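K.L.:
The primary structure of each chain is shown beneath.
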Amino acid sequence: MIEPIPLSKTNSGLANSVFNDTLDSTNVPATLILVIGDTTQSNTAVKTLTSLINSDDHFYKGVRVVQAPNIDFILDTLKGLNVSPRLKTIKWNSINSYLIFSITNVFNNIGNVVLASKFDNQPKRYIDTSIMLALAFDKNLNA
Amino acid sequence: MHKIMSIKINVRVLTFICCYCISIVMSYGQNKEGQDKESDDNQKSVFFILEKDRDGDYQDKESSYINNKIVDINSVLQIDLDLGTITSKIEDNTTGLPAGIGEKINKLTFALKDRKNALKVFDSLLGTYNYDDFKKNPDLNKEWASAMQKSAMIVVNLWDVSSYIASGDDGNADPLPGPTYERAQIELERMTKEVEDFAEKQGVYVQFGAWLYKKNNQNTALHIPGFDSIKPQTPYQVERWRILPTTEQLAQLQDASALAQENKDAGLSVLKKAIDVQVKQLEGVVTGQFNLLVDSLSQEVKQVVDDRIGPIITDLDALKTKINSFKSSVKERISYYENLTVNSQTSVIQVLTHIEGDVNFIENDGKALLAQATKLYDDIKATISDAAILEGLAENVKNHFKTWLDATLEKTNISKIKELLQGTPVDFELLKFSDKVFKLSLKDLPKQADLDLYSTGVRQDGDRIAFKFEVATKEKTIYTENREVYMFRILPHIESTVGVIFADPLARTNVQTQFQMAPYYNLILKGLWDQKLRRESVTYNKIFNWGIGLHISAPDFDGDDVPELGTGLVVSILNDYVQSGIAINVFTGDPYWYFGLRLPIPSFNIGSIPTSSN
Chain A
1 MIEPIPLSKT
11 NSGLANSVFN
21 DTLDSTNVPA
31 TLILVIGDTT
41 QSNTAVKTLT
51 SLINSDDHFY
61 KGVRVVQAPN
71 IDFILDTLKG
81 LNVSPRLKTI
91 KWNSINSYLI
101 FSITNVFNNI
111 GNVVLASKFD
121 NQPKRYIDTS
131 IMLALAFDKN
141 LNA
Chain B
144 MHKIMSIKIN
154 VRVLTFICCY
164 CISIVMSYGQ
174 NKEGQDKESD
184 DNQKSVFFIL
194 EKDRDGDYQD
204 KESSYINNKI
214 VDINSVLQID
224 LDLGTITSKI
234 EDNTTGLPAG
244 IGEKINKLTF
254 ALKDRKNALK
264 VFDSLLGTYN
274 YDDFKKNPDL
284 NKEWASAMQK
294 SAMIVVNLWD
304 VSSYIASGDD
314 GNADPLPGPT
324 YERAQIELER
334 MTKEVEDFAE
344 KQGVYVQFGA
354 WLYKKNNQNT
364 ALHIPGFDSI
374 KPQTPYQVER
384 WRILPTTEQL
394 AQLQDASALA
404 QENKDAGLSV
414 LKKAIDVQVK
424 QLEGVVTGQF
434 NLLVDSLSQE
444 VKQVVDDRIG
454 PIITDLDALK
464 TKINSFKSSV
474 KERISYYENL
484 TVNSQTSVIQ
494 VLTHIEGDVN
504 FIENDGKALL
514 AQATKLYDDI
524 KATISDAAIL
534 EGLAENVKNH
544 FKTWLDATLE
554 KTNISKIKEL
564 LQGTPVDFEL
574 LKFSDKVFKL
584 SLKDLPKQAD
594 LDLYSTGVRQ
604 DGDRIAFKFE
614 VATKEKTIYT
624 ENREVYMFRI
634 LPHIESTVGV
644 IFADPLARTN
654 VQTQFQMAPY
664 YNLILKGLWD
674 QKLRRESVTY
684 NKIFNWGIGL
694 HISAPDFDGD
704 DVPELGTGLV
714 VSILNDYVQS
724 GIAINVFTGD
734 PYWYFGLRLP
744 IPSFNIGSIP
754 TSSN
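Chains as they are written, first to last, in our numbering: chain A, 1 to 143; chain B, 144 to 757.
Extracted from the complex, chain B is given alone in its bound form (with noise of 0.2 Å):
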């Protein structure tokens, strides 16, 4: 019955988790949504990037692999160059140009794309009609001429392009759809022409450059075939079905055995250990010193003789009132964690709730506060002279404070945390040209070029190619756009994990605790059936990036310090931070239900281990 109990129990926190992560994901992609429609409106990109398979196919032309901003890792992208928006930003940055001919390129190029296709369906909407049917059926008719409005609809808006377009040089062309396109095509080109001839003139040249952006922040510049002389990396495949441990995946399999060994009979009081941690940080600010501090300036400032110190008085106590707030929170928070005990499944959740919480509000807090004290410091030594003693105590405050809060957040590990949620912004600024990248003019500008993801060099789920294109001329830049897409494992494939699991045995064992610490190797299977979410949230990928697969693992339920083989299903979730499931003990016959965790906190990192190949 404890063991059903156990497992009730179990499922009832993954659903919680799974629920949680599912509306953190939701919330960034909506908010993914609302900023990317805002871009559009603000800003048309110059250049399209469209993901191709290795086959070369373009799986679907018209929405889902152009202009994602995460594309497979091991994919080709193919760039476009709008000649159309370019122009529009010389246009706009220049003079001499006819108003608009960037947006009219951009039309004609746009429907001269679609040329063989409108003309298709032109024809074959005519061929449909049948007076007969649709006198019988007015609803056909209808429908009918529904389409043909469209299609016709195209035709016309080529008109408005330009005169010669609608009737042609000597004002008597034939405005049926083929010719008229005929003729848009000579417009472009003549259009093209002017265009390039102004540039030329006005020497406007364009650089266009890639860089593949890893996750530390380091990035190599990037061949792409016509733009630069840059030598390509040596090819590099990322890995998608590797079964196999790797070495540095072994060597972390035999630390997770030696943990496991040195704590296998401690059950969960090992993450009580690790709570401890992060309790005697946040005492820090409650006892001692920074009490003192505090006491000291506000016994200070009733000794000074200034007819301003008025105001000064009013912060302090408003400072005052904010940190004993403050204190109260602090106070309240190591309160729960003095009288935890962490016995179970459901308490191991809480407790992580509990830091999250404790994490966010010692960032948004605590930060308001010194922004306060700060404050404070900084009125004192614009407005009250000679009053060394006082300056000097609210600066002991202001700093002690500080450097309380910038360790506490750093063992909190905060910034790992906001860059999993989201990702750390590319510095652009320090992206610069070398002198192996092109200046072409536009005439030389290759329209199409495609960046071999092969070619990029060793790279990582999560790392990213950082674009840059810029037109300019020898007095000014014109035009930059920057643009940056995220390379993950988007196809099937198969992760490996190593690390620590809390096995919970559902028979009769030596275990004494009710988990047990024991090493385990999973391969999970992911991108099998989410494959255009994983391509349009980077959250997604980061956090919810789930799988499932085969786990196994070295439990020693008979006590005798000879790990067994335990071998059964794994269900990972949170990007491998929350893995559970459910094995057998292939050597005692023992069934057992397991959890591994791993929060982006150091004193954490109990369960699975991250490895490089992840």
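So that you can see chain A by itself, here it is in the shape it has in the complex (with noise of 0.2 Å):
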């Protein structure tokens, strides 16, 4: 059973080194699907990701997802990320509108964002999507 990566909800420092760590793709070689929040509609995302990364389907094999109770821990961090050029400009001051960022495995580009009043409509889709273009934006974006 592989287990979500949760991020600490109260100390901010635990919270940033168990992120910085994930993002290092030497200890974590995997797409990570970061989810926003502790409310019932981030931990079902959390709950359906689980299952499908626990699932027969190899689409999911590479994927990791991580928990970010507390978004503003590791907004520093996620913001100095590249984004992909197919995104429009994330609402950094509105970062809990957002439910799902996916993040690229080498190189760290946020490849998708998915807002948190849209999940619900669709959420295998945008979860599929989110991993599509992070595996199709894991490249140097600044070059």
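Be a bit skeptical, because a hint or two may be false.
[Claimed, not checked] Restricting the straight-line Cα-Cα distance to at most 27 Å, the calculated cross-link-like pairs of lysine-lysine (BS3-like) are:
hint, chain 1, residue 1, chain 2, residue 2
1, B, K256, B, K586
2, A, K91, A, K9
3, A, K79, B, K285
4, B, K263, A, K124
5, A, K61, B, K586
6, A, K61, B, K293
7, B, K278, A, K79
8, A, K139, B, K293
9, B, K470, A, K139
10, B, K278, A, K47
11, B, K470, B, K545
Source of the hints: derived by calculation from the structure; they are not laboratory data. Being a predicted model, the structure only gives us computed values, none of them experimental.
Hints are included, so try docking the two chains, each in its own frame, into the full complex.
P.N.:
Take a look at the structure:
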């Protein structure tokens, strides 16, 4: 059973330390799906993702889910990542309006973001799209 | 010792020719690449031509057999029409089609052609993912991610073609590769139908034709299945392995024998005689009438009383200076030939190099001079009135020089050299569709057709297939694309040549001169190691075209007027213009080395005789 990677809800230092370790592909060589918040919706999303990752479908074999109950702790790190050119500008001031960020395996680019308000309509489609976009933009975006 | 020196010199000469030739081929190759790139940038072709061998194999579908300028003369050409690009051409020249639909059709067609492979690669990459291995070996992980990035991007790019492909009609479609490709297929069919319906309403039709375009510029309309009702030509296979001489070659062999018999003891002096033809022609411009004409013109100008004569005098002085400089150069060139002794193989090569230089000089400087003389005549005619004598003299100078220049260039046959280097352009204006070529709507347009080169009838190396593709309405032609494809024997084959060689015995014989002329028959194997180059460069096929093979000749070393039999090896380069090798007289046992020369200058067709079978 592959468990989700939880970030600390109360300790900023610990949350950052775990998140930075996770971003390092030598520690976690996988596409990351970052789930924001500790709401029912967030927990359901983590549960759905965990279930997919542990399914027989090999599309999810290279995916790991990270839950950030308090997104403010890692916001600066998140802001420092490159963003896929396909995405509209991320509203960092309204970070809690998002539910999912997909982050690429090697280059740590943000491949896709999903608004919390939209996710419940088509959860699997948003997850699959986010993974595909993270796979497609795992390259040096500064080049 | 003398013989060893001869061989050494010969090797040096051949090396020089090879290097010279390679440099020409390379420079033409580079030009070709540059031109190709430019043409890629400017225009996207509406059809692809894939060369297939006779077994129908695709050889190497990825690259080296698609859209080559040269194909094997016995191959089958698979022609694929590109609906996307055709649509773009219609889109550019009409109104009513959605913007960018041609490009979208192109993208989808291209992606769907590779659908099976793309899905396989994506799935295979997912299958090779291994978390533990990648953690232990980060390089493996990077490699995997890089490959997956490219594979996933192909799918994401498809989403960008249309919202239907990205998310389906209800916005809830599966984004994974398999379903994405399914929607791309549906979208391509929908777009194609939209374009076909539009074209039908606008009365757009397509015609596609091909012609066999021979070296003498004769052309024959060809049948392309699905595009016309032209009767195919009688099937003809260009022979690859002919060993026995043709009837024509046997006749040429007789001529060569007679030529050799006549000049048996003349050695290389026969070349000197041929050079005299060039010299006499060159002398025409530096002596006699031309000088008188220029002097008369000069005198007459001084007699004219007219304010506007000033610039004319200046121009005439400039022309005279140019003429004097030209004449000095010609005199210098003539003096080279007057003092010439042709007694060794090195001097032969030097002479040939000089002749080539002379031809270039006459063409470039001579034409510039003629342009200047013509301008002077035009200026006199336009500005000075009532000066009929002056005008007449200027016209005489111009005409006299033109006559000399034309005759000189004709004698040196510069056009043949140019044709050899560059080929003659196909005059596509003359190629018109007959009423047997169908006017096809886009709906009826075959997307693919095979043109079997057997069905193009009798053809030779260097002949071309000219293609013409036209999109039109009743009112106007929307788009025309012309393309030519050269045909050569690319696959391994044997070419036979007949002619005379200059044989240099390597032992004491009764031959009085260093070289003895003798008839020969060579069987030269070509295309064994250089098929790639032969597909890339027309110049390589026309000029370099090398081979090795067997040599049979009939020297007369014992001087009894009964030719003996010599056999040996031959190396042929420059499209058989230079042949050289080593052989043995099987009757006397004397070894000899030999060379044969054939340049595209009439007075120097000494050596191999070009035959229609080559």
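K.L.:
Is the hinted pair K61/A and K293/B satisfied, with a Cα-Cα distance of at most 27 Å?
P.N.:
Given that 27 Å is the threshold and the Cα spacing comes to 18 Å, the pair holds.
K.L.:
Under the criterion that the straight-line Cα-Cα distance not exceed 27 Å, is the pair K470/B, K139/A satisfied?
P.N.:
69 Å, violated
K.L.:
Is the straight-line distance between the alpha-carbon of K256/B and that of K586/B 27 Å or less?
P.N.:
With Cα atoms ~20 Å apart, K256/B and K586/B stay inside 27 Å; holds.
K.L.:
Does K263/B pair with K124/A here, judged by a C-alpha cut-off of 27 Å?
P.N.:
23 Å, holds
K.L.:
So if I understand the rule, the pair passes when the alpha-carbon distance is 27 Å or less; does K278/B with K79/A pass?
P.N.:
Distance of about 26 Å is within 27 Å: holds.
K.L.:
Given the hinted pair K61/A and K586/B, is their alpha-carbon gap at most 27 Å?
P.N.:
This hinted pair is violated, its Cα atoms lying about 46 Å apart.
K.L.:
Under the criterion that the straight-line Cα-Cα distance not exceed 27 Å, is the pair K139/A, K293/B satisfied?
P.N.:
Holds, at about 9 Å.
K.L.:
Against the 27 Å threshold, does the CA-CA distance of K278/B and K47/A hold or violate the hint?
P.N.:
This hinted pair holds, its Cα atoms lying about 25 Å apart.
K.L.:
Is K91/A within 27 Å of K9/A, Cα to Cα?
P.N.:
Since the Cα atoms of K91/A and K9/A sit roughly 22 Å apart, the hinted pair holds (cutoff 27 Å).
K.L.:
Does the alpha-carbon distance linking K470/B and K545/B stay inside the 27 Å limit?
P.N.:
15 Å, holds
K.L.:
Between K79/A and K285/B, is the straight-line Cα distance small enough, at 27 Å or below?
P.N.:
Roughly 24 Å between the alpha carbons, so the hint for K79/A and K285/B holds.
Going through the hint list in order, the structure does not satisfy hints 5 and 9.
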